[in-house]
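J.: Chains as they are written, first to last, in full-length UniProt numbering: chain Z, 1 to 231; chain H, 1 to 221.
Simulated from the structure, these hints should not be mistaken for lab results.
Some clues are possibly wrong.
To be clear about the criterion: a stretch of chain H counts as covered by chain Z if any three or more of its residues have a C-beta under 8 Å from a C-beta of chain Z, and this derived list gives those stretches [claimed, not checked]:
| hint | stretch |
| --- | --- |
| 1 | 67 to 76 |
| 2 | 143 to 149 |
Below 30 Å or equal to it, Euclidean Cα-Cα: the simulated DSS-like pairs (lysine-lysine) are [said to hold, decoys possible]:
| hint | chain 1 | residue 1 | chain 2 | residue 2 |
| --- | --- | --- | --- | --- |
| 3 | H | K25 | Z | K29 |
| 4 | Z | K65 | H | K104 |
| 5 | H | K104 | Z | K140 |
| 6 | Z | K223 | H | K104 |
| 7 | Z | K43 | H | K142 |
| 8 | Z | K55 | H | K104 |
| 9 | H | K52 | Z | K188 |
| 10 | H | K45 | Z | K43 |
| 11 | Z | K223 | Z | K173 |
| 12 | H | K51 | Z | K182 |
| 13 | Z | K65 | H | K142 |
| 14 | H | K142 | Z | K115 |
| 15 | H | K99 | Z | K126 |
| 16 | H | K179 | Z | K55 |
| 17 | H | K104 | Z | K115 |
| 18 | H | K45 | H | K25 |
| 19 | H | K61 | Z | K140 |
| 20 | Z | K115 | H | K99 |
| 21 | Z | K143 | H | K179 |
| 22 | Z | K140 | H | K39 |
| 23 | Z | K134 | H | K179 |
All C-beta atoms in this analysis are idealised placements derived from N, C-alpha and C, irrespective of residue type, glycine included.
One letter stands for each residue in the lines below.
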Amino acid sequence: EMEGENEVKLHGMWASTYSKRVELALRVKGIPYEYIEEDLRNKSPLLLQYNSVYKKVPVLVHNGKPITESYIILEYIDETWQNGPRLLPQDPYQRAQIRFWASFIQQQLFGSFYKLISSNGEEQEKAVEEVFEKMNVLEKGMKELLPEGVPEVDGNNFGVLDILVTATFGPYKAHEEVFGLKVLDPEKYPLLFSWVQKLNEIPLVKGVLPPHDKLVALLQFIKQNDLKPSS
Amino acid sequence: MAEVKLHGTLLSPFVYRVIWALKLKGVPYEFVSEDLSNKSALLLKYNPVHKKIPVLVHGGKPVCESMVILQYIEETWPQNPSLMPNNPYDRAHARFWIKFAEDKGVAVWKMFRSTGQELQNTMKEALEMLQTVEEHGLGEKKFFNGDNIGLVDLAFGSIVYWLQVIEDAVGVKLFESHKFPRLHAWLENFKQVPIIEENLPNQDEMLVVFKRRREQLVASA
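Let's have the full structure, built from the sequences with the hints guiding it.
T.: Given below as C-alpha cells:
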C-alpha cells in the first residue's frame with residue numbers, strides 16, 4: 001500500500017531453501033531489493049542484530065525494520081505490496097489450509113529430510129521410510145487441495161504453495177546426485193513431480209534457483225564433513 | 001451462521017487456546033469431547049494427517065493445529081476484539097512469536113514426559129524458551145498484543161499456565177518470579193482478563209490429574 005521510499009534489503013544465503021522462498025516472492029511481486037549474501041560461518045553484525053533470537057537467514061529489512069522467518073516474510077510481503085499477483089488467497093479457510101501445509105513441510109518433511117542426511121545404517125533406512133511416508137502424505141494433501149490438478153503457473157500466477165514447492169523440490173536433481181536417493185519419484189508422487197517440472201520451466205524460477213553444479217559441490221562438502229545444514 | 005464445533009479433550013492447553021479465542025470473539029460453538037485412547041472415526045476423518053485435537057469444524061469444514069485455528073478465527077470473525085495488530089509489520093512480529101510458541105513451547109510438554117538425562121535436557125530447553133520470551137518478547141507492554149490480549153498472549157498463556165502445574169507434577173521449579181519478573185506480571189494480568197478468568201481450569205484439580213499421569217509415565221519409563 002505504501003509506495004513512498006521503499007527500501008528493501010534481503011539478507012540471504014545462495015543455497016538456503018528459506019532464502020530462496022523470499023527471493024521468489026520479491027520477484028513475483030516485482031519488488032526491487034538489495035541482496036546481501038551472508039557467510040553463515042561468519043555472520044554479519046547486522047544479521048545478528050536483526051535476528052537476535054535465531055541469528056538466521058533470511059531476514060527482510062524494509063525501510064530499516066527487520067522481518068524474520070521465511071513464511072512470515074511471505075505473508076508480510078503479500079500484505080504490504082498488494083498490487084501485482086496475490087501470494088495468498090483472501091478466503092480464511094484456504095489460508096488456513098495453506099498454513100497447515102506450510103507447517104507440515106517445515107516441521108514434518110524437513111524434519112525427516114534432516115534425519116535422513118544426518119544418520120547412517122539402520123537409522124538411515126528408517127529415515128528413508130519416514131521420508132517416503134511424509135511425501136505420500138504431502139502428495140495426498142496436495143491432491144485434495146488442488147482437485148483440478150496443478151493450476152497453470154507463470155511469472156504472474158505464482159502463489160505461496162508454488163513458492164514452497166519450488167524452494168523445496170526445485171533443486172531435486174542436485175539432491176539426488178549427492179544423496180543417491182530418488183525422493184521426488186514421478187511414479188510415487190506424480191502430482192508433485194509434474195508440478196516441479198512446470199515450475200522449473202519458468203524463467204523466474206530459473207533465475208532464482210541455485211546453480212546445479214555449485215549446489216552439488218556444497219552438498220558434497222556438507223556430506224563428506226558430516227556437517228549440519230543450517231540457515 | 002454456519003455451525004461451529006470444537007473437537008477436543010478437557011485439560012488440553014491447545015484446546016483452551018481455541019476456547020479462549022472463540023469466547024473472546026463471542027462465537028457460539030459446540031464442544032465435542034474426544035477419547036484419545038479410542039479416536040473417533042470423525043476425528044480421523046477431520047485430521048487424517050496428525051490425528052490430533054483440537055480440530056475446529058466450521059460449517060462442516062475442519063481446521064487443524066491450534067495456532068492455525070486461532071488465525072482462522074481472527075480472520076473469519078475480525079470484529080472486536082481484534083486479536084492481531086492492525087498493520088503488516090506488527091502482525092509479522094506477532095506471527096514470529098506465534099511460531100516461537102509453537103516450535104519452542106514443546107519443551108514444556110516434552111518435560112512432562114521425560115525422566116533422567118532427557119528431563120535435564122528438556123528443562124534446559126524450557127528455561128531457554130522462557131528466557132528468550134522474558135528478554136525479547138514483551139518489552140514494556142502489558143500484553144504481547146499491547147494494551148489488550150491477542151493471539152500471542154493466548155499461545156503463551158496456555159504454555160505458562162500449564163507449566164506451573166507440570167512443574168509441580170514433575171517436582172521441579174523453573175518459572176520463578178525473581179528470574180522472570182516480566183512474565184510473572186504478564187501472567188497475572190492475563191489471568192485477570194474476564195473471559196480468561198472465567199475459562200481457566202483449576203490448577204489444584206489439574207495437578208491431581210497430571211500427578212497421576214506423571215506417575216504412570218515414570219513407572220513405564
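J.: Hint by hint, say whether it matches the structure.
T.: Hints, verified against the model:
Given as covered by chain Z, the stretch 67 to 76 of chain H passes the check, having 6 residues with a CB less than 8 Å from a CB of that chain where 3 are the minimum. Using a Cβ-Cβ cut-off of 8 Å, 0 residues of the stretch 143 to 149 of chain H lie near chain Z, which falls short of the minimum of three, so the contact claim is violated. Between the alpha carbons of H:K25 and Z:K29 the distance comes to roughly 34 Å, so the proposed pair goes past 30 Å and is violated. Annotation: proposed proximity of Z:K65 to H:K104 holds, straight-line Cα distance about 24 Å (limit 30 Å).
For the proposed pair H:K104 and Z:K140, the alpha carbon gap of about 29 Å is at most 30 Å, so the pair holds. For the suggested pair Z:K223 and H:K104, the alpha carbons sit about 28 Å apart, so the restraint of at most 30 Å is met. For the hint pairing Z:K43 with H:K142, the CA-to-CA distance comes to about 34 Å; that exceeds 30 Å, so the pair is violated. As the CA atoms of Z:K55 and H:K104 are separated by approximately 16 Å, the hinted pair is consistent with the 30 Å bound.
Pair hint H:K52 plus Z:K188 holds up; C-alpha atoms about 26 Å apart against a cutoff of 30 Å. Between H:K45 and Z:K43 the CA atoms are separated by roughly 46 Å; this puts the pair beyond 30 Å, and the hint is violated. With a C-alpha separation of about 16 Å, the suggested pairing of Z:K223 with Z:K173 holds against the 30 Å cut-off. Using a Cα cut-off of 30 Å, the hinted pair H:K51 and Z:K182 holds, with the two alpha carbons roughly 28 Å apart.
As the CA atoms of Z:K65 and H:K142 are separated by approximately 23 Å, the hinted pair is consistent with the 30 Å bound. Proposed proximity of H:K142 and Z:K115 is contradicted: the alpha carbons are some 41 Å apart, above 30 Å. As the CA atoms of H:K99 and Z:K126 are separated by approximately 28 Å, the hinted pair is consistent with the 30 Å bound. This hinted pair checks out: H:K179 and Z:K55 have alpha carbons roughly 24 Å apart, not beyond 30 Å.
Distance hint between H:K104 and Z:K115 is fulfilled; the C-alpha atoms sit about 19 Å from each other, no more than 30 Å. Taken as a hint, the H:K45 and H:K25 pair is honoured in the structure, with Cα atoms around 27 Å apart against an allowance of 30 Å. Taking the CA atoms of H:K61 and Z:K140, the gap is about 17 Å. The hint holds against a cut of 30 Å. For the hint linking Z:K115 to H:K99, the alpha-carbon distance of about 22 Å falls within 30 Å, and the restraint holds.
Of the pairs offered as hints, the one joining Z:K143 and H:K179 is violated, with about 49 Å between alpha carbons and a cut-off of 30 Å exceeded. Using a Cα cut-off of 30 Å, the hinted pair Z:K140 and H:K39 holds, with the two alpha carbons roughly 22 Å apart. For the hint pairing Z:K134 with H:K179, the CA-to-CA distance comes to about 41 Å; that exceeds 30 Å, so the pair is violated.
In summary, the numbered hints that this structure violates are 2, 3, 7, 10, 14, 21, 23.
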